[in-house]
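2 protein chains.
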Amino acid sequence: MQEFLEKLQAALGPDVVQTEAADIEPWLSDWRGVYKGQAQAVVRPVSTEQVAQCMRLCSQYKVPVVTRGGNTGLCGAATPDARPDNIILSLDRMNQIRSIDTIANTLVADAGCILGNLRRAAQEQDRLLPLSLAAEDSSQIGGNVATNAGGVNVVRYGMARELVLGIEAVLPDGEIFNGLQTLRKDNTGYDLKQLLIGSEGTLGVITGVALRLHAPTHVRSVVLAAVESEQQALELFRLVFGACGPRLQAFEFFTDACLDLVLTHVEGVQLPFGDRHPAYVLIELADTANEEALTQLLEEVIGQALEQELCVDAAVSASLAQLQALWRLREEISEAQRADGPHLKHDISLPIEQIPAFVKTAEVQLRKVSPDCRLFIFGHFGDGNLHYNVSRPAGADKSWAAEWEIRIADAVFEEVMAYGGSISAEHGIGQLKRHAFLHHKDPLQLKLMRQIKQVFDPDGIMNPGKVL
Amino acid sequence: MQEFLEKLQAALGPDVVQTEAADIEPWLSDWRGVYKGQAQAVVRPVSTEQVAQCMRLCSQYKVPVVTRGGNTGLCGAATPDARPDNIILSLDRMNQIRSIDTIANTLVADAGCILGNLRRAAQEQDRLLPLSLAAEDSSQIGGNVATNAGGVNVVRYGMARELVLGIEAVLPDGEIFNGLQTLRKDNTGYDLKQLLIGSEGTLGVITGVALRLHAPTHVRSVVLAAVESEQQALELFRLVFGACGPRLQAFEFFTDACLDLVLTHVEGVQLPFGDRHPAYVLIELADTANEEALTQLLEEVIGQALEQELCVDAAVSASLAQLQALWRLREEISEAQRADGPHLKHDISLPIEQIPAFVKTAEVQLRKVSPDCRLFIFGHFGDGNLHYNVSRPAGADKSWAAEWEIRIADAVFEEVMAYGGSISAEHGIGQLKRHAFLHHKDPLQLKLMRQIKQVFDPDGIMNPGKVL
Numbered sequence: 001m002q003e004f005l006e007k008l009q010a011a012l013g014p015d016v017v018q019t020e021a022a023d024i025e026p027w028l029s030d031w032r033g034v035y036k037g038q039a040q041a042v043v044r045p046v047s048t049e050q051v052a053q054c055m056r057l058c059s060q061y062k063v064p065v066v067t068r069g070g071n072t073g074l075c076g077a078a079t080p081d082a083r084p085d086n087i088i089l090s091l092d093r094m095n096q097i098r099s100i101d102t103i104a105n106t107l108v109a110d111a112g113c114i115l116g117n118l119r120r121a122a123q124e125q126d127r128l129l130p131l132s133l134a135a136e137d138s139s140q141i142g143g144n145v146a147t148n149a150g151g152v153n154v155v156r157y158g159m160a161r162e163l164v165l166g167i168e169a170v171l172p173d174g175e176i177f178n179g180l181q182t183l184r185k186d187n188t189g190y191d192l193k194q195l196l197i198g199s200e201g202t203l204g205v206i207t208g209v210a211l212r213l214h215a216p217t218h219v220r221s222v223v224l225a226a227v228e229s230e231q232q233a234l235e236l237f238r239l240v241f242g243a244c245g246p247r248l249q250a251f252e253f254f255t256d257a258c259l260d261l262v263l264t265h266v267e268g269v270q271l272p273f274g275d276r277h278p279a280y281v282l283i284e285l286a287d288t289a290n291e292e293a294l295t296q297l298l299e300e301v302i303g304q305a306l307e308q309e310l311c312v313d314a315a316v317s318a319s320l321a322q323l324q325a326l327w328r329l330r331e332e333i334s335e336a337q338r339a340d341g342p343h344l345k346h347d348i349s350l351p352i353e354q355i356p357a358f359v360k361t362a363e364v365q366l367r368k369v370s371p372d373c374r375l376f377i378f379g380h381f382g383d384g385n386l387h388y389n390v391s392r393p394a395g396a397d398k399s400w401a402a403e404w405e406i407r408i409a410d411a412v413f414e415e416v417m418a419y420g421g422s423i424s425a426e427h428g429i430g431q432l433k434r435h436a437f438l439h440h441k442d443p444l445q446l447k448l449m450r451q452i453k454q455v456f457d458p459d460g461i462m463n464p465g466k467v468l
Numbered sequence: 001m002q003e004f005l006e007k008l009q010a011a012l013g014p015d016v017v018q019t020e021a022a023d024i025e026p027w028l029s030d031w032r033g034v035y036k037g038q039a040q041a042v043v044r045p046v047s048t049e050q051v052a053q054c055m056r057l058c059s060q061y062k063v064p065v066v067t068r069g070g071n072t073g074l075c076g077a078a079t080p081d082a083r084p085d086n087i088i089l090s091l092d093r094m095n096q097i098r099s100i101d102t103i104a105n106t107l108v109a110d111a112g113c114i115l116g117n118l119r120r121a122a123q124e125q126d127r128l129l130p131l132s133l134a135a136e137d138s139s140q141i142g143g144n145v146a147t148n149a150g151g152v153n154v155v156r157y158g159m160a161r162e163l164v165l166g167i168e169a170v171l172p173d174g175e176i177f178n179g180l181q182t183l184r185k186d187n188t189g190y191d192l193k194q195l196l197i198g199s200e201g202t203l204g205v206i207t208g209v210a211l212r213l214h215a216p217t218h219v220r221s222v223v224l225a226a227v228e229s230e231q232q233a234l235e236l237f238r239l240v241f242g243a244c245g246p247r248l249q250a251f252e253f254f255t256d257a258c259l260d261l262v263l264t265h266v267e268g269v270q271l272p273f274g275d276r277h278p279a280y281v282l283i284e285l286a287d288t289a290n291e292e293a294l295t296q297l298l299e300e301v302i303g304q305a306l307e308q309e310l311c312v313d314a315a316v317s318a319s320l321a322q323l324q325a326l327w328r329l330r331e332e333i334s335e336a337q338r339a340d341g342p343h344l345k346h347d348i349s350l351p352i353e354q355i356p357a358f359v360k361t362a363e364v365q366l367r368k369v370s371p372d373c374r375l376f377i378f379g380h381f382g383d384g385n386l387h388y389n390v391s392r393p394a395g396a397d398k399s400w401a402a403e404w405e406i407r408i409a410d411a412v413f414e415e416v417m418a419y420g421g422s423i424s425a426e427h428g429i430g431q432l433k434r435h436a437f438l439h440h441k442d443p444l445q446l447k448l449m450r451q452i453k454q455v456f457d458p459d460g461i462m463n464p465g466k467v468l
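Quick note, the sequences are listed as chains A and B, same order.
Taking full-length UniProt numbering, the leading residue of the first sequence gets 1, the next gets one more, and so forth.
Taking full-length UniProt numbering, the leading residue of the second sequence gets 1, the next gets one more, and so forth.
Note that these hints are calculated values from the structure, not bench results.
We put the beta carbon where it would ideally sit given N, CA and C, even for glycine.
Take these hints with a grain of salt, some might be off.
[Stated by the list, open to error] Result set (EDC-like, lysine to aspartate or glutamate): computed pairs, CA atoms no more than 20 Å apart in a straight line:
#1 B/Lys345 with B/Glu414
#2 B/Lys441 with A/Glu175
#3 A/Lys345 with A/Glu405
#4 A/Lys62 with A/Asp459
#5 A/Lys36 with A/Glu25
#6 A/Lys360 with A/Glu228
#7 B/Lys447 with A/Glu175
#8 B/Lys345 with B/Asp397
#9 B/Lys7 with B/Asp85
#10 B/Lys345 with B/Glu405
#11 A/Lys453 with A/Asp81
#12 B/Lys345 with B/Glu335
#13 B/Lys62 with B/Asp173
#14 B/Lys441 with B/Glu414
#15 B/Lys360 with B/Asp372
#16 B/Lys447 with B/Asp459
#17 B/Lys345 with B/Asp372
#18 A/Lys447 with B/Glu175
#19 B/Lys447 with A/Asp459
#20 B/Lys441 with A/Asp191
#21 A/Lys447 with B/Asp173
#22 B/Lys453 with A/Asp191
#23 A/Lys447 with B/Asp459
#24 B/Lys398 with B/Asp372
#25 B/Lys360 with B/Glu414
#26 B/Lys345 with B/Glu331
#27 B/Lys360 with B/Glu228
#28 B/Lys368 with B/Glu414
#29 B/Lys447 with A/Asp173
#30 A/Lys7 with A/Glu49
#31 B/Lys36 with B/Asp23
#32 A/Lys441 with B/Glu175
#33 B/Lys447 with A/Asp191
[As the list claims (entries may be wrong)] If you anchor each label on the Cβ, the simulated ranges turn out as follows:
#34 B/Asn290 with A/Gly274: 29 to 37 Å
#35 B/Asp459 with A/Glu20: 50 to 58 Å
#36 B/Asp275 with A/Gln304: 46 to 54 Å
#37 B/Pro26 with A/Ser47: 55 to 63 Å
#38 B/Gln125 with A/Lys368: 32 to 40 Å
My request is simple: use the sequences and hints to build the entire structure.
Put into structure tokens, the structure is as follows:
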């Protein structure tokens, strides 16, 4: 171990290779403080070549490597496990935009660039990088791609995967994968970059990404609609999707229990209509220009929806301030949950048309486990993605969550699988869902994944203990 | 070989397993008549289970398998090579739509369904399956996915890959890969279906696909704009992309030489303006509704383009008949080429912003090989995808093409690679480009592809001699 560290420091210098306990300590846990591990060094390279030098030595000495982006993940994928010889490879110093092209509509950036900075850089050039999520001002694009991040605009623009044109990565043996192209079409053999996307640091280290940019959306219009049921939300989705086409930027859902939590714990928010209803849908339309036409379209569609009884009340934003106020009702749910105490979060997806049936039967199953638990269901309804969160019964101690975590998750995931859903829609596997993933995933697919892991990483040094 | 055939016939019956020379003969060549091979049998299963039975026997007896869709490919990927023991596995009898869902916006179909039929089935439900290409009324969706097909609407909707939600396939050993899900989000491990997409039958047999549908485009508007140069077309693309956003459905390009060919060989077509110009751009906008607003937007943008000198003349379609007449100028190019005699076709892609420089220097290189050859450049400009086609000098014999094919291709591909382009944008590798692919592709990527091939197909029975 000493020989490895000496060679690594000789190659990269003591500023890049940090080995003091005090320097390492801040890198050992995830931002939520759920996971904590060990490491012998933190390596913060400034170039792809330095990453390659590091990997060559790690490969030679069989040293496990945990690649770290912005540390905003929710599954512990970027947190080291208990192995004392782990090294943490942080991309934070590789944070340069390599190019933005408004003819080709591409952005090429180092993996350590902060997502929010890339979004703003595109915006300055009158282009849109549509990947948008709560942690965007901390998360790094390399991590976004390595975890195939989602967010609120997936219904229109797809996951991170659909925005990636090319990837540069360093493979475990130190070879540089030169796939940083910006081509829209390239049918020359297997699309290898797809394996790196969503692999959570288990196949290689992403050092650069080429992304496609979209046309800017200068105008937005939002409605909050109250619905009686998930079935009604589904019918409303069908109407809005068909009528608004690619203008449909977000279709979010939350139950009245979620709203209640927000109204209780967050200041300065209010419901735009007098009555409470079982659930709410927040719909955003966006377009390149012509706000009036966009708002008119939204009002027409919502008018039809009210007439056809696909919603029971609705409020369309008449100003940017109103638009933001409506969004806060949805966006503050996570903050309100934090204030309420520990919630058991399940980031799941379902065939969209199965959501109403799932919500019904999942609750029945859940109540068999814990009759009085509290349910908070919200999420990216238009993608079939629910954040199906569960908290302690009223009056119960906050330690309830830790005690019941596994039983609750088992019940939820069993039901998700029965409907052909996914136990991880957008957050990934990491450490958190590894057990459930290995239990539920199709054995043939697991076998193929392990063989592919073997191709890229025969010594198993990339993020051991995560995913597979 | 006899034992294998007997077992295969016993398992699947003589109607499925056809071994008479007369029955096999029609399956031995590609539709253009460029490639011809041999086979011991044609197998036409009616179910995924029959495909699995077939593959189990092929695997046991190490029999090479050439999967065949609609036989519309241009690279010979679905045509057998000279091995006498090949079997041709045709999916044509697996042609049922399994489901269409207008809430989830998904279509699940057998691999043997004709693309055009699926497009019409979606349209009947007021949804759009946007994959559209010249051969759509013959090509099968399994082949479209296995070759990651492109077409005219990629600029808006992406390649076939971006429409695929799930795949069912039979692996070489007969195991069934059950990936036929319709989920929008599923971050559980490596996205294995991405390897099958574009693998041209070298990893497994696609038996079913789940596709996402888009909102219908009930209104369209088209303009033909004349440009002085590729650089002007590029600037025009920037303007239109930014102003029209997701309405931009097609951005096609062709030179005056292509137009000349169409006017010479195709009846009933005419240029909508008096003067000829160096090149032309055909732009289509489409939207869910409101034709007037769409045409007005297109007229405004083209007005700006004329003012800013991003084009030199333009004609906007005022009726469906005019719209179709404008499209014919672009769509009839292939037919006109056929009438003109053999053309050497190069389906290439480039970083879009490099197209003007490429067109200049590629012609210089080409003229060094053949000073008087004739150049016909057209294609999906908005995707950086050119059909860079070359024909014999005026007065030369038609045998010129066959004689010069390799030298011309070498010159074109060298130049493509110098600009960071791709030697196959949307047509794939097959037999046609295998040599060039193995020569030009990055060695690390080739090595990884071979290892992945080994994982899926250790005995090398899937489409040997194609791609890798």
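How the hints compare with the structure:
no.: 1; hint: B/Lys345 with B/Glu414; verdict: holds, 15 Å
no.: 2; hint: B/Lys441 with A/Glu175; verdict: holds, 16 Å
no.: 3; hint: A/Lys345 with A/Glu405; verdict: holds, 9 Å
no.: 4; hint: A/Lys62 with A/Asp459; verdict: holds, 7 Å
no.: 5; hint: A/Lys36 with A/Glu25; verdict: holds, 10 Å
no.: 6; hint: A/Lys360 with A/Glu228; verdict: holds, 14 Å
no.: 7; hint: B/Lys447 with A/Glu175; verdict: holds, 12 Å
no.: 8; hint: B/Lys345 with B/Asp397; verdict: holds, 18 Å
no.: 9; hint: B/Lys7 with B/Asp85; verdict: holds, 15 Å
no.: 10; hint: B/Lys345 with B/Glu405; verdict: holds, 9 Å
no.: 11; hint: A/Lys453 with A/Asp81; verdict: holds, 19 Å
no.: 12; hint: B/Lys345 with B/Glu335; verdict: holds, 13 Å
no.: 13; hint: B/Lys62 with B/Asp173; verdict: holds, 10 Å
no.: 14; hint: B/Lys441 with B/Glu414; verdict: holds, 12 Å
no.: 15; hint: B/Lys360 with B/Asp372; verdict: holds, 16 Å
no.: 16; hint: B/Lys447 with B/Asp459; verdict: holds, 17 Å
no.: 17; hint: B/Lys345 with B/Asp372; verdict: holds, 17 Å
no.: 18; hint: A/Lys447 with B/Glu175; verdict: holds, 12 Å
no.: 19; hint: B/Lys447 with A/Asp459; verdict: holds, 18 Å
no.: 20; hint: B/Lys441 with A/Asp191; verdict: holds, 12 Å
no.: 21; hint: A/Lys447 with B/Asp173; verdict: holds, 14 Å
no.: 22; hint: B/Lys453 with A/Asp191; verdict: holds, 13 Å
no.: 23; hint: A/Lys447 with B/Asp459; verdict: holds, 18 Å
no.: 24; hint: B/Lys398 with B/Asp372; verdict: holds, 14 Å
no.: 25; hint: B/Lys360 with B/Glu414; verdict: holds, 14 Å
no.: 26; hint: B/Lys345 with B/Glu331; verdict: holds, 16 Å
no.: 27; hint: B/Lys360 with B/Glu228; verdict: holds, 14 Å
no.: 28; hint: B/Lys368 with B/Glu414; verdict: holds, 13 Å
no.: 29; hint: B/Lys447 with A/Asp173; verdict: holds, 14 Å
no.: 30; hint: A/Lys7 with A/Glu49; verdict: holds, 16 Å
no.: 31; hint: B/Lys36 with B/Asp23; verdict: holds, 15 Å
no.: 32; hint: A/Lys441 with B/Glu175; verdict: holds, 16 Å
no.: 33; hint: B/Lys447 with A/Asp191; verdict: holds, 13 Å
no.: 34; hint: B/Asn290 with A/Gly274: 29 to 37 Å; verdict: holds, 34 Å
no.: 35; hint: B/Asp459 with A/Glu20: 50 to 58 Å; verdict: holds, 54 Å
no.: 36; hint: B/Asp275 with A/Gln304: 46 to 54 Å; verdict: holds, 48 Å
no.: 37; hint: B/Pro26 with A/Ser47: 55 to 63 Å; verdict: holds, 58 Å
no.: 38; hint: B/Gln125 with A/Lys368: 32 to 40 Å; verdict: holds, 39 Å
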